[in-house]
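For reference, the chains in residue letters:
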Amino acid sequence: MNHLDEGTIHAWLDGAVDATRARDFEAHVATCPACATAVAEARGLIAGASRILNALDDVPAGVTPKLAPRAPPPQRQWRAASWVTGIAAALMLAVGVTTWNRDAVTNETHPVAEPMRNEGGAASAPATSAATGATGAAAFTAPSAAAGAASANQARTEADRKSSRRADAPSRANELPAQKAAAAPAPTEAEPTAIAKEAPLVPSAPSPPAARRRTLADSSARLQLSEVVVTSATEARAVQPLEVIPGCYRLMSIGSSDGRPIAGAAASAPPTAGGGGRLRRTTSAPTPQAVAADFSATVPHPLVRLDTVLRTPGYIVRSAVTDSLVGYWSPWRLDSARATILADGIFVLAARDRVSCPER
Amino acid sequence: MTDVERLFRTYHDPLVRYLTRRLGDRDWAEEVAQETFVRALRQKDLQNERAWLFAVATNLVRDEARKAIRRRRHLELLREEAKAEAMVEPPPTDLERAQERALARKAIDALSERDREALLMREEGLDYNEIAEALQLSLASVGTTLSRARRRLVDAYEEQRRLSDGRRTG
Numbered sequence: 006m007n008h009l010d011e012g013t014i015h016a017w018l019d020g021a022v023d024a025t026r027a028r029d030f031e032a033h034v035a036t037c038p039a040c041a042t043a044v045a046e047a048r049g050l051i052a053g054a055s056r057i058l059n060a061l062d063d064v065p066a067g068v069t070p071k072l073a074p075r076a077p078p079p080q081r082q083w084r085a086a087s088w089v090t091g092i093a094a095a096l097m098l099a100v101g102v103t104t105w106n107r108d109a110v111t112n113e114t115h116p117v118a119e120p121m122r123n124e125g126g127a128a129s130a131p132a133t134s135a136a137t138g139a140t141g142a143a144a145f146t147a148p149s150a151a152a153g154a155a156s157a158n159q160a161r162t163e164a165d166r167k168s169s170r171r172a173d174a175p176s177r178a179n180e181l182p183a184q185k186a187a188a189a190p191a192p193t194e195a196e197p198t199a200i201a202k203e204a205p206l207v208p209s210a211p212s213p214p215a216a217r218r219r220t221l222a223d224s225s226a227r228l229q230l231s232e233v234v235v236t237s238a239t240e241a242r243a244v245q246p247l248e249v250i251p252g253c254y255r256l257m258s259i260g261s262s263d264g265r266p267i268a269g270a271a272a273s274a275p276p277t278a279g280g281g282g283r284l285r286r287t288t289s290a291p292t293p294q295a296v297a298a299d300f301s302a303t304v305p306h307p308l309v310r311l312d313t314v315l316r317t318p319g320y321i322v323r324s325a326v327t328d329s330l331v332g333y334w335s336p337w338r339l340d341s342a343r344a345t346i347l348a349d350g351i352f353v354l355a356a357r358d359r360v361s362c363p364e365r
Numbered sequence: 006m007t008d009v010e011r012l013f014r015t016y017h018d019p020l021v022r023y024l025t026r027r028l029g030d031r032d033w034a035e036e037v038a039q040e041t042f043v044r045a046l047r048q049k050d051l052q053n054e055r056a057w058l059f060a061v062a063t064n065l066v067r068d069e070a071r072k073a074i075r076r077r078r079h080l081e082l083l084r085e086e087a088k089a090e091a092m093v094e095p096p097p098t099d100l101e102r103a104q105e106r107a108l109a110r111k112a113i114d115a116l117s118e119r120d121r122e123a124l125l126m127r128e129e130g131l132d133y134n135e136i137a138e139a140l141q142l143s144l145a146s147v148g149t150t151l152s153r154a155r156r157r158l159v160d161a162y163e164e165q166r167r168l169s170d171g172r173r174t175g
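Going down the list, the sequences are from chains A and B. With the numbering used here, the residue at position 140 of the first sequence is 145, and numbering never jumps. With the numbering used here, the residue at position 133 of the second sequence is 138, and numbering never jumps.
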């Protein structure tokens, strides 16, 4: 069998080849070191790319940073689940180890690899193979080791990276010191005992720059612990909008050409009394006539009720008259709601415009 | 559950996420998603719903993105918003995340349009058949496209990181 080309390898790893071919590939890779390396590298690329794409999320509306931290809608929080964080950390490690092997492994990185051994047998494999500059086979076992550093990704962006970045250090080594930083914080993450075992090793590390960096990162990670808690507290604030927002609102159609709230400016330009304005960018909206033609001039559900029942993709919006489900809403800027009315449009409703619900 | 509801509940979030990553702007993404669903409702019968939705959304984005006039207005909008609202110093944790996001943004913008779209669709779980259909590619070329896109993305990200580190440490 011929060597596998890159496209085929990715197709295989993405599960896009049939079972017979997949078996052939497996058999070939088992006996062919070159292909095994290529497959390991592909795995690293897939994982790395995925991590980078996930870093794109949480883009604030309107691009410019707004007020004090806005509580993100719970279901959109890509960081919420610890298993996601764990996988993200695993992916990061896979990239780190893979590209690590590409650069020359220096002495500085060896001490950093040591603490990983404490995490269990699976960890020793990448540590040893990385230390000896072995093939990218390390990337295979990396994910299980990184599971122990599940908090790494969360702590990584929160830990003081200034302390873990040095111009003279190999850039790959940045990944691992930050993982050591994970030793202290993130009590909610998986396998805290495995991580805690790392901590005692840090002070006894030898003196090369990597170790110093690690100690710094470790101590700053302890500082960061409070920041981690603050983040959680910020998330807890998402509950408050539920106290003020649910209720009945009038939906207004687009009428006057100047009455349209611009995305992002909606909070500062108060909706006209009586109801929420439809969210529409003046740049993208076609002429007012065309828009009115697309959506009826009178909104089909002029009076809606924002419920507290959470059902993906958001809290439920019902017609205040018929009680049927008409859309979903999510908190926006603590005192408003962004409601997507199915087939109708997106509305921003300010809590102060709430009206009393009709008798049923 | 009506058909509208089912379609919406199943595909709205992944579509918005795909569009947000593609555009870098959540509001714009939501608008395009909304428009996509409106068009879906006009279809009597949708085979391969996911591929269809992602294809329509992708084409909507391409059409709009080609309009230079929109870009100019977008910038005007940003200027208005910046004036209208006070910019508050974000807490450190958000800053780190924002920096990483900026790096990722630059990295993904370094890809060609097709590579970017294919990769983002794959990230939303579309299989090779769906990607081929949505982007009008041959099934055989999807693997090559993705492998190239992933490699370029990772390289571009590392490059951006190196540049950003160099700037910071001087």
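No lab work stands behind these hints, which were simulated from the structure alone. One or more hints might be untrue.
To be verified - Here are the computed distance ranges between Cβ atoms for each label pair:
# : chain 1 : residue 1 : chain 2 : residue 2 : range
1 : B       : Leu168    : A       : His8      : 45 to 51 Å
2 : B       : Ala103    : A       : Thr25     : 45 to 51 Å
3 : B       : Leu80     : A       : Thr25     : 53 to 59 Å
4 : B       : Ala103    : A       : Pro38     : 39 to 45 Å
Unchecked claim - If the Cβ cut is set under 8 Å, some of the chain A residues that face chain B in the computed set are:
#  : residue
5  : His8
6  : Asp19
7  : Ala54
8  : Leu58
9  : Thr313
10 : Ser361
Since the model is a prediction, treat every value here as computed from it, not as a measurement. In this text, a Cβ means the ideal position worked out from N, Cα and C, and glycines have one as well.
Tested hints:
Remark: the range hint 45 to 51 Å for Leu168 of chain B to His8 of chain A is contradicted by a beta-carbon distance near 35 Å. As the Cβ distance of Ala103 of chain B to Thr25 of chain A is approximately 48 Å, the hint placing it in 45 to 51 Å holds. In this structure, Leu80 of chain B and Thr25 of chain A meet the distance hint of 53 to 59 Å, their C-beta atoms being roughly 54 Å apart. The hinted range of 39 to 45 Å is satisfied by Ala103 of chain B and Pro38 of chain A, whose Cβ atoms lie roughly 42 Å apart.
At a threshold of 8 Å, the smallest CB-CB gap from His8 of chain A to chain B is about 14 Å, leaving the interface hint violated. A cut of 8 Å between beta carbons decides the hint on Asp19 of chain A: the least distance to chain B is about 7 Å, and the hint holds. For Ala54 of chain A, the interface hint holds, the least distance from its beta-carbon to any beta-carbon of chain B being 4 Å, beneath 8 Å. Look at Leu58 of chain A: its Cβ gets to within about 5 Å of chain B, closer than 8 Å, so that hint holds up.
Interface restraint check: Thr313 of chain A against chain B, minimum CB-CB distance 18 Å, threshold 8 Å, status violated. Among the interface hints, the one on Ser361 of chain A is violated; its C-beta lies about 27 Å from the nearest C-beta in chain B, farther than the 8 Å criterion.
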